[in-house]
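Undergrad: Residues per chain are reported as follows:
Protein chains: 2
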Amino acid sequence: MKLENDTFIRALFREPTAYTPIWLMRQAGRYLPEYNQTRARAGNFLALCKNPDLATEVTMQPLARYRLDAAIVFSDILTIPDAMGLGLYFAEGEGPKFERPLREEWEIRDLSAPDPTVHLRYVLDTVRQVRKSLAGSVPLIGFSGSPFTLACYMIEGRGSSDFASVKKMLYQRPDLLHKILAVNAQAVTDYLNAQIEAGAQAVMLFDTWGGMLSDAAYHEFSLAYIKQIIGSLKRENEGMRVPSIVFTKGGGGWLESIADTGCDAVGLDWTINIGAAKARVGARVALQGNMDPAVLLSSPEAVQREAVAILEQFGSGPGHVFNLGHGISQFTPPEHVSALIEAVRGFGACND
Amino acid sequence: MKLENDTFIRALFREPTAYTPIWLMRQAGRYLPEYNQTRARAGNFLALCKNPDLATEVTMQPLARYRLDAAIVFSDILTIPDAMGLGLYFAEGEGPKFERPLREEWEIRDLSAPDPTVHLRYVLDTVRQVRKSLAGSVPLIGFSGSPFTLACYMIEGRGSSDFASVKKMLYQRPDLLHKILAVNAQAVTDYLNAQIEAGAQAVMLFDTWGGMLSDAAYHEFSLAYIKQIIGSLKRENEGMRVPSIVFTKGGGGWLESIADTGCDAVGLDWTINIGAAKARVGARVALQGNMDPAVLLSSPEAVQREAVAILEQFGSGPGHVFNLGHGISQFTPPEHVSALIEAVRGFGACND
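Each protein sequence line maps, in turn, to chains A and B.
Under this note's numbering, residues 1 to 352 are what the first sequence spells out, in order.
Under this note's numbering, residues 353 to 704 are what the second sequence spells out, in order.
Since the hints were derived computationally from the structure, they do not count as laboratory data.
Heads up, some of the hints might be wrong.
What the hints assert, rightly or not - Label-pair distances were calculated between CB atoms; the ranges are:
| id | chain 1 | residue 1 | chain 2 | residue 2 | range |
| --- | --- | --- | --- | --- | --- |
| 1 | A | 173 | B | 660 | 12 to 22 Å |
| 2 | A | 104 | B | 534 | 54 to 64 Å |
| 3 | A | 135 | B | 631 | 50 to 60 Å |
| 4 | B | 445 | A | 43 | 31 to 41 Å |
| 5 | A | 284 | B | 660 | 28 to 38 Å |
For every residue, glycine included, the Cβ atom is placed at its ideal position computed from N, Cα and C.
Next up, chain A with everything else stripped away, as it sits in the complex (with noise of 0.2 Å):
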């Protein structure tokens, strides 16, 4: 099926496209009131991402509330460590946890990738859903956390501010290390695969931890990992190109090691410069950020004036994908939004 409105795409392909197309992580959440009146027929979030109805119900959402150029699966990134039997759930007003985090070294060694089409059927059949619903009309996102990330949370069991049990466990026992690693890569390998044959038409990898690591153990421990996914994901399907987005938070000192994975796109949190990003690697994927999602807290004319200004750090040439350089705050007004892609569209044609 062609689609309506392939700029997203296409930008991610460093192709020409009319404008600057715009998404932005976590779209469908909280700031909208309209899904916390789903979540609250569903009872809470996990539940919510394992319902396929009401999961397509709250992607749809912000697409019928503004023109935005993608949508993306609602899901959550720690949905592969629960699919292998760790018991994710959420407490409320918490983060994620684990039931059952990985305490001991034969958890570790029995640790498998669980089948995307059986344990993940959920996720793939909210991705049908959805491109039925979008028939067409913009472009689907797949997604998943990284492996080293999944690996965070299934270590410690929660988040963390200094992930301490796992970054004891990748200087003392780094071999256990990697023995998660590759069973998460080969789980986030086939599940992104599956999204991509049950219709996702572009993939984003979450590394929300990464950038947490020293420069070496980020190369070691996260990125390898990345790259291989990169280099085993179906690269076609429907006759169309995937292309793939690698974002590490915190990871703009290591853009160019970023790009060697392979993907098409790297995401870019709101630390670093887009002009000084394009600069250092622009020729060889197109980059996908990156305001401070506390912009969206202040005002519409601040609004305003801070995406003109990454639009023009941006410059001329195609490749970019307007984003946030993290999730969208629950705090944030609706209209600010209305502003903001506004702003990115009012901008103009950037296909010189």
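With chain A held as given, fit chain B onto it using these hints.
TA: Okay, now just chain B, sitting in the frame of chain A:
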């Protein structure tokens, strides 16, 4: 008074030294049982900071245990806003908080730089006492939080994962934030100069939160004020030059700009390869860092291996002060610190 061991000062000025000097951020801290005993006698952390006798005692403790090449006055980065009347306190097991954070515009308009010889006299008394206790053995470092980092806590009233109130002000009322920062810059300048006059032989600015800003915002709201301070510091005392160190956590993308402030050394967190940092700015400034504090949680062998890796990354030539990339963890086994110091001392001369 001539220093018996001036390797730290010489390294900061990029002069040859017989070995790479080392000290550790937060070296007087909870990982040391003797520290916990003194802290218990003081009652709490802030009482310890404000008691020059006990603060001197804990400042000296790590030097009694380890062959460190510098002492750092035991204090907190947030003493200035406390001296401004905001009421610093530490709830047990939590980070710093302020009883009276800046909420109203008139409170910001009324803000003024405190006289350190009156309101921060306890710190200056500690500096004088520590200098007596050191008796010329190793140099003493004075320090302060950066204007922006102080402002973060002054506005938010406590630590935060995203400092949303601060960023909201930054984008919506930059004039108000600039007013706070201008007062803070004056206060920090007066405070560091008072520490130098009291006997601090080097000074360090801790910009703990500058790294969460966008590239443009970092330069405008954090670094500009740091530069102003560096330009107004006393450069000499007791006939000796007084070096300055600037450390922005997460500032690896901005090393060139930080070096441009006129500081003598740039502190590095652990996410950057120190060899790459040296290639960028090592001809202009010394570098301080940059082992991940989490390495100290692992094993003496891993500590040894990682320390040597950093020393080899830096390579030959002067201008390296070994340190962690952030404060030492309270869960560090003290014997791992011994392993670290032996590894650094054992690495040999760096004075070619």
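Undergrad: For this structure, which hints from the list above don't hold up?
TA: none
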